[in-house]
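Trainee: Heads up: the protein sequence lines correspond to chains A and B, in order.
In short: position in the first sequence from 1, add 34, done, that's this note's numbering.
In short: position in the second sequence from 1, add 34, done, that's this note's numbering.
In case anyone wonders, no lab produced these hints; they're calculated from the structure.
On a predicted model such as this, the values are computed, not experimentally measured, just so you know.
In this text, a Cβ means the ideal position worked out from N, Cα and C, and glycines have one as well.
Please note: incorrect hints may appear among the correct ones.
Derived CB-CB ranges, DEER-like [stated by the list, open to error]:
#, chain 1, residue 1, chain 2, residue 2, range
1, B, G299, A, K136, 44 to 52 Å
2, A, Q258, B, T229, 56 to 64 Å
3, B, T95, A, E38, 25 to 33 Å
4, B, G299, A, Q125, 55 to 63 Å
Protein chains: 2
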Amino acid sequence: MTVEFIDYFWGDKNNGFDVLYHNMKFGSLATKELLDFFREKANIEEQNSRLMSKLVHKASTGTLNSTFAPIWTILRTSAEKLTALHLQMVQKITELIKDVTKYADELHKKHKNVKEEESPTLEAVQAMQTSTAALQKARDLYMAKVAELEKLRKDNASQKDIEKLETKIKKLQEDYKTLLDKHGPIKAEFERRMTQACKRFQEIEEGHLRQMREFLSTYLELLQNNHDMVGQVHSDFKRQFLDMTVDKLLEQFVLNKYTGLEKPGS
Amino acid sequence: MTVEFIDYFWGDKNNGFDVLYHNMKFGSLATKELLDFFREKANIEEQNSRLMSKLVHKASTGTLNSTFAPIWTILRTSAEKLTALHLQMVQKITELIKDVTKYADELHKKHKNVKEEESPTLEAVQAMQTSTAALQKARDLYMAKVAELEKLRKDNASQKDIEKLETKIKKLQEDYKTLLDKHGPIKAEFERRMTQACKRFQEIEEGHLRQMREFLSTYLELLQNNHDMVGQVHSDFKRQFLDMTVDKLLEQFVLNKYTGLEKPGS
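Just chain A, with the same shape it has in the complex (with noise of 0.2 Å):
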């Protein structure tokens, strides 16, 4: 069952929209580092291509004069193999960073409307915020004043100083009770708007999560297919090289090197 963010970015500081804001962002910051790891990861498919090749160069200059040439023929055939599955690895990869950065362009693009149209519901929770901080320090300037006036009555103060303090007092009810009425509808605003952006933000994370299990998911199809002919290429090398016995090694040998079949006459 899927989390709702509507139940969980309220609370006491109003700061949801934030977190859910700066989320979406970090989800670009995701989209631009998964690039990166994807292009690191074409480079080290193409030095290893490069390094390959100097292994088929080795294979290559293997004397082709030994009894063990027809071995360095299989051990180069297999390097060459492998040197091409590097290649192709990195052009695959190469088509997955294109789709890749396409996409982060789009979120990019994305993101900067959301800017713009949410920022209504920013505005809201910037009132929202204003607003809770003034009815609280204006509740507690009256839970302060009402504290200096039981103390005044207790150490039995004068009347005048008692009365002074009671206008006060009634005044900043009076205050108290105006910010609470402007609060009633910033209140509701902020209901509103946030309801409504942890709605967006909600399906724009599940799309932008979605897109990037995706990527992960070609990237490791990729992998598999990848390793499954890099098997195969050592079960090639396998099978030739244990067809290439000792016996057949010297056959071959022999066919291409003997002198002659006659012991010397005359």
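Guided by the hints, dock chain B onto chain A, whose structure is given.
Mentor: Chain B alone, transformed into the frame defined by chain A:
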């Protein structure tokens, strides 16, 4: 059925020994080339481990703030395991290289011994070649003089000239006979020594090829074990990745980043 060198390295020019001796030396060269090949492969694995640790770094710097973070963890773990596998491969090939190096040294010593111990064979071959050439030359000269004699007779040359040539031919016949008498024991010694040498070179070659195939066999086993372990890393990656659904990613995000479950009061 194994071919027998003893059946194939005779022939008019008596250079079977030369072919077999050089083939033995090429075996030493092939060993050094195999060492080079393995060193290059170890180098590839080492560079791969270095490149892979760059990939680990990329996966580690993947922002831990986004919903995608758990997948970075999977990617990093996977890259770490691959780095370790490449290092393990370096280590295993290095062990193999040690064994081949030891064998190459032994082979070098063995070949030095063979060179020494087969020097009488080389002398027998050279004696045979010299003797065969001398016989051939004597026979050619004799045949030329016989042809000359026939021409003199046909042209009714003077009896004096004919007799002079007949004496010369008789002398050539005696020379040839002397050479032939000497050739008998030279040829016998050559055959005796060549027979022994053929057996020895075949023994050396068979042992060498068995040893080289064993090195290759070990190498193939290393490749395949490594390949299996890489396959295991990929399937662990896939399993963990499939487990990390969009719902689970959202859930983890909410657990880490929720701001509060209660809508604002007052």
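Trainee: Are the hints correct? Go through all of them and say.
Mentor: So, going through the hints one by one against the coordinates:
no.	hint	verdict
1	B:G299 with A:K136: 44 to 52 Å	holds (46 Å)
2	A:Q258 with B:T229: 56 to 64 Å	holds (58 Å)
3	B:T95 with A:E38: 25 to 33 Å	holds (31 Å)
4	B:G299 with A:Q125: 55 to 63 Å	holds (60 Å)
Comparing the model with each numbered hint stated earlier shows that all of them hold.
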